[in-house]
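Using the supplied hints, reconstruct the complex from the two chains, each of which is provided in its own coordinate frame.
Chain by chain, the residues run as shown.
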Amino acid sequence: MATVDPPKTNATQKKEYEHPAPVLEGAHDYTTVTDKISGIVLTRHTPRSWFLAFGVGFLLLMVFFGAVTYLLFAGTGIWGINIPVAWGFAIINFVWWIGIGHAGTLISAILLLMRQQWRTSINRFAEAMTLFAVACAGMFPILHMGRPWLAYWLLPYPNVMGLWPQFRSPLVWDVFAVSTYGTVSFLFWFVGLIPDFATMRDRAENSTLRTFYGLLAMGWRGSAVHWHRYETAYLLLAGLATPLVVSVHTVVSFDFAVSVVPGWHTTVFPPYFVAGAIYSGFAMVLTLVIPIRAIYRLEDMITIRHLRNMAKVMLATGLIVGYGYLMEFFMSWYGANSYEQYVTSNRMFGPYAPIFWSLILCNILTPQLLWFRRIRDNVAVLFVIAVVINIGMWLERYVIVVTSLHRDYLPSSWGMYGGTIWDYATFAGTIGLFLSLLYLFIRVLPMISIFEVRHLISTRPKAE
Amino acid sequence: MEDQRHLDTTIAAPESSRERERLEPEVYGLIAEFATPGQLLQAARRAREAGYRRMDAYSPFPIEGLSEEVGFHHTGLPAIVLIAGIVGALSGFGMQYWMSKIDYPLNVGGRPLNSWPSFIPVTFELTILFAALAAVIGMLALNGLPMPYHPVFGAPRFARASTDRFFLAIEATDTKFDRKETWAFLESLQPLTVSEVEP
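The listed protein sequences correspond, in order, to chains D and P. Quick note on the numbering used here: the first sequence kicks off at 1 and runs consecutively. Quick note on the numbering used here: the second sequence kicks off at 1001 and runs consecutively.
In case anyone wonders, no lab produced these hints; they're calculated from the structure. Possibly wrong hints are sitting among the right ones.
[Stated by the list, open to error] Partial list, derived from the structure: chain D residues whose beta carbon lies under 10 Å from chain P:
#1 Leu163
#2 Trp164
#3 Ala177
#4 Tyr234
#5 Pro291
#6 Tyr409
#7 Pro411
#8 His455
[Stated by the list, open to error] Just the calculated beta-carbon pair ranges, DEER-fashion:
#9 D:Ser169 / P:Arg1048: 32 to 38 Å
#10 P:Tyr1149 / D:Leu171: 22 to 28 Å
#11 P:Glu1068 / D:Asp29: 25 to 31 Å
#12 P:Tyr1149 / D:Asp29: 26 to 32 Å
#13 P:Arg1111 / D:Tyr334: 27 to 33 Å
#14 D:Leu113 / P:Lys1176: 37 to 43 Å
#15 P:Pro1078 / D:Gln116: 21 to 27 Å
#16 D:Arg373 / P:Ala1079: 46 to 52 Å
#17 D:Gly75 / P:Ser1091: 34 to 40 Å
Note that CB positions come from ideal geometry on N, CA and C, so glycine has one too.
This is chain P alone, in the form it adopts within the complex (with noise of 0.2 Å):
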């Protein structure tokens, strides 16, 4: 493959890791090139049965499963908006109550100052719209963006990552990250190219 100069074969292959670190540069992973999310989807499978944990795969759109095989099964985010709708809840219903019966009570024909079925409302655009900010603000914050600059943008062609291509990319802080025997486990994989990612 094209892209097997990235990996630098003229050092020898260090004798231990302390040695490897000093020879070798910090680097933040490998990164691989798939053409279909088939192909992606069970190379993440294959990584993560390779014992591979620290691990990421990117795609031009959502692939039912991936996060699955790259480590990720749980997002505390519906709890999140849960919480946020039920704080939207009472502080529609609350802050209602507090002007109308607290604040300025005020006798409109006779009408009881805490008329709950009229604040029924406001109460419920007001959980939507906590929800709704909870939603989007969580899956942002969540999601560690904005963030203007991540390593796994200067690898190559991954610009092609929001059109047409599919990478996967083991991370160095993996305990089992090797630089070569990595590479080696990711050309097996059949990618259309292997190549490392600077930090």
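Bound conformation, chain D alone (with noise of 0.2 Å):
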């Protein structure tokens, strides 16, 4: 897994500038790149690592049905949240889960539509990804109601009491905002695969698998005028979501910020949620490319460029990221509103200073290694930061939540909040069921989207 290229003199450092590493590499025509991506699934050979992974995962399901079945049993109250800090785990890891999809918006919609031809052997996956962390996303405001039975009651439909949703609360915004995403989110991947459908179908050789994949494609036969429709359609699709991924994080932003709370009420949370969303969900892909790239020998066409452009994008979004930090610290003090300074000052020096600046390590201070070449273009660290920047989004969420509550404007109500053995069994299960689902995933579908693999190599200049 770790390799390491060989260090480079300036020479070609500058070759590689103007000839950057291909997307693509190896002797690869349209036969090959079918027979690999479609033979990790029509194949009677599961790898032991897959068995491991999934293993992992599935365990971690249990535990998640094991705390979801209690919560339902005892209610919220096994959990640590408490008045002030009504919100908790519950808020900080669906903020966290659905920030982690924004990556896959990003990379099959945003990259689509300003040409990068690096996005296609990696669209396929970060779009199953979105799709998962945005599962994982729904369970938690929908447990958090204490009365999950009733989560139809956020929804606009006539009842007895002649009630509507209250249409200026950002939290019924978010309702329609994460269901729409979820939604898109599935067609896009969905119209993804439909020609990839069709290889499977033509390519497997038993009659139900056959059958299964034939259902799916939908009689595909991969006509012109089709394909004419089929492009036009994808095209507005990309089109449609990408100010749909920038409207779900401002929208769940507006959670915070449309609210009076100290450290909430900004105008910066927007943006920089957004520009969060996005790191976040780089640092996932990577943390799972990496291993899968490994385990299923994708080098070829998960290459070091595309390690390299995501890793790039990470330190990117991260800058945007410090300067949104930079900002809030900035107009806290600017502002001299005396409860915005003091929930600055209280972060940073109070009861849960510790988690701030591991915050600050892990989002700020580490991606700065980015920078330079040789960490970019060495696989291992590049896990490893990967996995920090994502422990350190998940600490951002928890500043963000529980520093602001746990502290607002009357000292008579402050308190403490702590997670409890509960709300980590959750949120681990949670991962578990994220695994599971990705895991599966790749075990019967094709992970990559062949068809634009094929595209990728037809436009692909004769290197003989």
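In structure tokens:
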């Protein structure tokens, strides 16, 4: 897994700048890429590391079921939430998960509109990650309601109480934003899969599989007329998903920013939440892709170029996040509001100071290593940095949610917060749900878009 | 070419088209197989220049300009998506306006019943939702999918159209279609194989 490129001289570095590493390596043609990607699925052989990763995910999924069962039995009192900190882990995890999803949409939609060829071998995987991250995110607000079986009350439906949702509340906007995001992410992912379902149908040797993929392919036959409409639809979806992804984390940040709580009531929240979401999402893509690339020997298709580019996006969005923090501190000082000033000093030097400084270490200092080419090209180090950033982004949400709530205007209502074992179990459980879904996905569906890689080959200038 | 046996050469050339109908069974059309996207594009262009109109090309990935060569220029999909988006916006805002202002006016801290700036996020989300659903459902509907069976699936070697082969099919409904002439024409394009497609 750890492949360190030999040190480069200045001359080769310059050459690399002019001719970046290819997005597709090796002597591949249409047949070999199809064989390689569909072969991962259409085989009886499952790598042992798959069982290991899925096993861990499945075990944690059982922890999730256990924690949720006890939650439904006993109520949200088993969590650490209290008054004043009524949000706690549920909202921290919700924001963390939904943010992770954003890299998938960015890779599939925004990079498509910008004609970035390097999106091709990672978009399918990242879209699946989005979908499963949204599924995990959705668990938390619903479980946090206390009576999750009444979750449908959030939707505007005619009811005997004659009531409608309060449309002036960001929490209701969230319902629409997250459900639309989930739906559109699913559509994007599914539409991208249709031509590959047809490939799987035509290559499957057993009739059950042929029927399974055939039903999903819906009779796709690769007609030129169909491709024309298909590409139009795909481009339109990308154009729609781009403002959507920005709006989703904006609305999530409104949950905080529209309130009057010191530390939350700030206009910098929407842009820096969106940047943070993309930051954590790319970190998660790297965390997942680096081991999977090694397990399935996909180095030809997920090349060092992909990892390098993702590292650069992380560095850029990390700096935007750093700027967001800086502006928060600056405005709390410059705004001359004593409550805002107190929140900032309480974050830095109060009871949660260790978490705050760990966040700065993980989110701001560690990614500065990515300035160095040697680090970006070192797969093992990149993996560690990505994991550290994931932790950092979780800590960021912890600081935002907990430190603002635990001491607001009235010292008489101050309190402390800490997660209980059930908080941690539920959080670990959603990681299990995520891993289980993800590993099932890579076992039964092509994890790299086959037709887009074929298209890449057709546009590739002949090397020989 | 090995697949020439698909052309039944034992039947003498028929005199009239009616005679032809009688002697030869109906076919969906003729299909030629190519190895590269460039050859397919070239073949489609020559077929169009030769006067064929009812044809379609099949490829394992989208090929730029191919749909134009087989006579398809314009799709109504963007218009459908635009209309759906507008409908989404109007229904999103209309729903909130009706619920908050007309059906259940509720005074919350003296805020106006029609607090339109607060209604924008939901309006926006529903615009995207309607447009995205229309893009996908519209694309599938215009393409006539799901369609479990299509004659070209019966063509020999057509399974490779989803991997590494490129096909051009000239359909029997084309006014210029003639089994022998069209066959000869397709052969002149230097394909890998030519075969008949059963209806």
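Which numbered conditions among the earlier hints are violated in the structure presented, ordered from lowest to highest?
-> 5, 6, 7, 9 and 10
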